[in-house]
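Based on the sequences and whatever the hints tell you, model everything.
Protein chains in written order, with this note's numbering: chain A, 3 to 353; chain B, 3 to 353; chain C, 3 to 353.
Just so you know, the hints here were simulated from the structure itself, not pulled from any lab data. Values in this document were obtained by computation on a predicted structure and should not be read as measured data. It is possible that part of the hints are untrue.
Note that the list lumps identical chains together, so a pair holds whenever it fits in one copy or between two copies.
As the list claims (entries may be wrong) - The calculated BS3-like cross-link candidates involving lysine-lysine, where the alpha carbons are at most 25 angstroms apart (straight line), are: (1) K201 <-> K237; (2) K336 <-> K322; (3) K345 <-> K201; (4) K47 <-> K270; (5) K47 <-> K316; (6) K270 <-> K345; (7) K270 <-> K237; (8) K201 <-> K316; (9) K237 <-> K102; (10) K342 <-> K322; (11) K270 <-> K201.
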Amino acid sequence: MGTRLGDLVERFGGQLAGDPNLEVTGIAPLADAGASHISFLSNSKFRAQAAQSGAAALILTPADDALIGAEYAGARIVTPNPYVYFARAAQYFAALHEMKAPAGIHPSAFVDASAQVDASASIGVHAVIEAGAVIGAGCVIGPGCVVGRDAVIGAGTQLLANVTFHARCVIGQRGIIHSGAVIGTDGFGFANEGGVYIKIPQTGRVVIGDDVDIGANTTIDRGALADTIIEDGVKLDNQIQIGHNCHIGAHTAMAGCVGVAGSAIIGKYCTFGGAAMVLGHLTIADRVHVGSGSMVSRSIAEPGQYTGFYPLAKNADWEKSAAIVRNLSSMREKIRTLEKTIKTLTTQDEK
Amino acid sequence: MGTRLGDLVERFGGQLAGDPNLEVTGIAPLADAGASHISFLSNSKFRAQAAQSGAAALILTPADDALIGAEYAGARIVTPNPYVYFARAAQYFAALHEMKAPAGIHPSAFVDASAQVDASASIGVHAVIEAGAVIGAGCVIGPGCVVGRDAVIGAGTQLLANVTFHARCVIGQRGIIHSGAVIGTDGFGFANEGGVYIKIPQTGRVVIGDDVDIGANTTIDRGALADTIIEDGVKLDNQIQIGHNCHIGAHTAMAGCVGVAGSAIIGKYCTFGGAAMVLGHLTIADRVHVGSGSMVSRSIAEPGQYTGFYPLAKNADWEKSAAIVRNLSSMREKIRTLEKTIKTLTTQDEK
Amino acid sequence: MGTRLGDLVERFGGQLAGDPNLEVTGIAPLADAGASHISFLSNSKFRAQAAQSGAAALILTPADDALIGAEYAGARIVTPNPYVYFARAAQYFAALHEMKAPAGIHPSAFVDASAQVDASASIGVHAVIEAGAVIGAGCVIGPGCVVGRDAVIGAGTQLLANVTFHARCVIGQRGIIHSGAVIGTDGFGFANEGGVYIKIPQTGRVVIGDDVDIGANTTIDRGALADTIIEDGVKLDNQIQIGHNCHIGAHTAMAGCVGVAGSAIIGKYCTFGGAAMVLGHLTIADRVHVGSGSMVSRSIAEPGQYTGFYPLAKNADWEKSAAIVRNLSSMREKIRTLEKTIKTLTTQDEK
Chain A
3 MGTRLGDLVE RFGGQLAGDP NLEVTGIAPL ADAGASHISF LSNSKFRAQA AQSGAAALIL
63 TPADDALIGA EYAGARIVTP NPYVYFARAA QYFAALHEMK APAGIHPSAF VDASAQVDAS
123 ASIGVHAVIE AGAVIGAGCV IGPGCVVGRD AVIGAGTQLL ANVTFHARCV IGQRGIIHSG
183 AVIGTDGFGF ANEGGVYIKI PQTGRVVIGD DVDIGANTTI DRGALADTII EDGVKLDNQI
243 QIGHNCHIGA HTAMAGCVGV AGSAIIGKYC TFGGAAMVLG HLTIADRVHV GSGSMVSRSI
303 AEPGQYTGFY PLAKNADWEK SAAIVRNLSS MREKIRTLEK TIKTLTTQDE K
Chain B
3 MGTRLGDLVE RFGGQLAGDP NLEVTGIAPL ADAGASHISF LSNSKFRAQA AQSGAAALIL
63 TPADDALIGA EYAGARIVTP NPYVYFARAA QYFAALHEMK APAGIHPSAF VDASAQVDAS
123 ASIGVHAVIE AGAVIGAGCV IGPGCVVGRD AVIGAGTQLL ANVTFHARCV IGQRGIIHSG
183 AVIGTDGFGF ANEGGVYIKI PQTGRVVIGD DVDIGANTTI DRGALADTII EDGVKLDNQI
243 QIGHNCHIGA HTAMAGCVGV AGSAIIGKYC TFGGAAMVLG HLTIADRVHV GSGSMVSRSI
303 AEPGQYTGFY PLAKNADWEK SAAIVRNLSS MREKIRTLEK TIKTLTTQDE K
Chain C
3 MGTRLGDLVE RFGGQLAGDP NLEVTGIAPL ADAGASHISF LSNSKFRAQA AQSGAAALIL
63 TPADDALIGA EYAGARIVTP NPYVYFARAA QYFAALHEMK APAGIHPSAF VDASAQVDAS
123 ASIGVHAVIE AGAVIGAGCV IGPGCVVGRD AVIGAGTQLL ANVTFHARCV IGQRGIIHSG
183 AVIGTDGFGF ANEGGVYIKI PQTGRVVIGD DVDIGANTTI DRGALADTII EDGVKLDNQI
243 QIGHNCHIGA HTAMAGCVGV AGSAIIGKYC TFGGAAMVLG HLTIADRVHV GSGSMVSRSI
303 AEPGQYTGFY PLAKNADWEK SAAIVRNLSS MREKIRTLEK TIKTLTTQDE K
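Next up, the structure:
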């Protein structure tokens, strides 16, 4: 049931030092790997541990191989980016053990007569596919999912369980939407008349590119009039909220609990740490990295790393610093007074 | 398939300057509006754009009309609040195109024999209506929703998809609960005995007024002994958490990711920016406006705008400022020392 | 339909002063309690109110009993921890009125032939139990829940409605998972190759101990290679996100909206206030208490209370203090300059 190292190298590249017929059955971290595992060294600070690893084989960089290759007893696959190699090999091993969802429509599912479901797609138990929806080749629609009227799910995209994908929204190919996510819910749009809110119908869509992952219980609002856009390769973790009319550039990643208010335009290749928040109608450049727990309250034109959270302290120390923060203007006044007094003193001295 | 301007004015008021028989088919923003659209000018800074708009008709204020009415080629509807007019007209156009959920109970739904479902209500695919629940006239209960025992859903209220509305909770008329929301989950109540938590049964309800909107994946806890109360016209965005025994005043609005801890009493006509947090057992006056990402840790007795988040900075700058914030007491000490030294100096000088 | 005080004392202990045959039908707070209720005094500041309470009986400490026992007209149960006594008694009364979910599998549920469902378990309407899953004695699997392949639900554990419990994950006995929670969703793990994310399959599990409560719409990621661990007695409120490979120690409690990034190791008997955030790969000692809205960005080795949020202020005041916070380095420079100048002045004076 193992895989030959030679087969791995044929699939994923890299220079093999060792027996191509050696078989491994899976990937394990350095500390746990045994004689049937391949492991990887992606952080050179674990070099000594890697040299002693009991793994049958090791994925490592040319630089690390030069240093520990001779010392390490097993086979080696040398590649510029062992972590990426690990990811690809892990996908390969996972696919070997994966239970594929069977093609076809489960008898308990409801599929409207006007929906188009590819014969290779799997529609799970109690799933609901509404009128006019299009489910592409190889899609997996999990148990309890609801795909709304005229929605489009691209080939190979999976909806896990209890996902709601609302009417007319679109997702491209090879995406994953985790359980409990809601795509295309109404944006938070109201006109206020004397204190009372009048709902503005949200008639735009959510349009999602290829290779997009959306985390569990994440919510993405449909556009008010235009569309909310999520470009190719975006990765959204769990519990994220994306407001209406946002535009998120390709290959941007957001960690859990991030919130993005309406109409924010976010660049490509950005990252957002957990619980970072972005106010509405801002524009964030490409390659901006926002730290966890940080609030973005102005547009950011320049790439780079941005942070803004109050540092944690023992409660008593925080109480003190917070009290001073509340009165920073008075501290500034005191400094100004000091400066003036000293100016007077030194001027007197000069006289 | 269009609507006469005359019909719009008859329904929603406003002064029409132009042909009442001119037909429009929908609403579009200034930039996109064409000859079949009506558009609106709600922010005077777009006045020049509005004057050049290709829209068949424009909704605008008397003041803006006085300035650009002559210049603009199309018909005009003049009204004090064009944004509210837009909201109402947009609702009207949306209703024309809306697919109404059909009245009746889908054969796949489960409705307990003791539940009361109005004949005009729509119970969707795989929905569950438990014993004793009451579903009012014109309600729409979406696919996968669960309405608990003895719950009451007021006339015209919609639950989209996969909503859970727990036992004995109540919502009034014309509400909307978006997908994945959970109403009436247990509050977080425990007694602690030597470090171990003993659950306190949560036997209160959630009681929600009329015209309340609740966002996707928002959660509202039922009361511990008494009820959690959400008054009329409250608007809650997605991913909000409302703790047990909270009371939220009429026409208060909360943006996405807000959290309100248990037993907070919040006034009417308040607003809370995204990810604002309110501690438990606080009282917030009417017309308090809390900014995004701000933590309310004390009661607020006075209306007004409140804010409290750490300003974002380039990471290196934040590192510096955060290190100083951690040591603000020592900075204050330094200033006190300086003040004393200078007092000594100036006293010496006076001598 | 009432319960004799004598029966309560027999079940839950305490010294009864009064008639053991007196019957009460439920528990109520001091302010609301009438002649058919038992009430409790857990906070001595309400001692005067308790003395006047109309409750048939009162649960109170020996100290409070010494002070008001003679004054209060009803029966008393004297016990060291009235709040814990209240919790236990309230559970007892709640159980009397509870509608037990009927044992057995609802005809609309889907249970794979290879799943093992105990005969005393209740599988609700439209629930899904996948291949190889094990559902223990007395479990309640609510409507719309999905229990994945080879998952294990311990005896007496309840999943409310629309819960997703993914493949191979495990929960112990007497747990509660509230509606919309997702257990065992993929962790957020990617290798980055030239800006493009390559998914790392998440093949670990979530392993949850006994007596664990998980709130509505809370999400817990499965481990990447190893498991995510939630120990016995942990209590998680709603809308919490726990990243992959976290380990949460026994009897730790987290309030709503908390986020814990991947691989954080959190001790026993900790508490986290609402919306607190913990960065990844940190280690938090036992008995650490983190305040609401606080970001934990470094490991914490010492027990105690920690806080870190920007204090709320009127918006205009916040604008001022935030502007100064942004420029704290320049304020520090000014102070340094002042110190130097004064040093020069005083040195001159000394000459």
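ask   = How would you label the pair K47, K270 (within, between, both, or neither) given a Cα cut-off of 25 angstroms?
value = neither (31 angstroms within a copy, 30 angstroms between copies)
key: Status of K345 relative to K270 across identical chains (alpha carbons, at most 25 angstroms)   = neither (51 angstroms within a copy, 53 angstroms between copies)
inquiry  = Cα distance capped at 25 angstroms. Does K47 pair with K316 within a copy, between copies, both, or neither?
reply    = neither (32 angstroms within a copy, 28 angstroms between copies)
query = From the Cα coordinates, with 25 angstroms as the cut-off, is the pair K201 and K237 best called within, between, both, or neither?
reply = between (31 angstroms within a copy, 10 angstroms between copies)
ask   = When no copy is specified for K270 and K201, does a C-alpha distance of 25 angstroms or less occur within a copy, between copies, both, or neither?
value = between (32 angstroms within a copy, 18 angstroms between copies)
query = For K201 vs K316, is the C-alpha pair at or below 25 angstroms within one copy, between two copies, both, or neither?
reply = Neither way: K201 and K316 sit 45 angstroms apart in one copy and 29 angstroms across, limit 25 angstroms.
inquiry  = One pair to classify: K237 and K102, alpha carbons no more than 25 angstroms apart. Within, between, both, or neither?
reply    = within (23 angstroms within a copy, 35 angstroms between copies)
query = Should K342 paired with K322 be assigned to within, between, both, or neither, using CA atoms and 25 angstroms as the limit?
reply = between (28 angstroms within a copy, 21 angstroms between copies)
ask   = Given a CA cutoff of 25 angstroms, do K336 and K322 count as a within-copy pair, a between-copy pair, both, or neither?
value = both (18 angstroms within a copy, 15 angstroms between copies)
request  = State whether the alpha carbon distance between K345 and K201 is at most 25 angstroms within one copy, between copies, both, or neither.
outcome  = neither (61 angstroms within a copy, 63 angstroms between copies)
ask   = What label fits K270 with K237 when the C-alpha limit is 25 angstroms: within, between, both, or neither?
value = within (11 angstroms within a copy, 33 angstroms between copies)
The structure fails to meet hints 3, 4, 5, 6, 8 from the earlier list, while all remaining hints are met.
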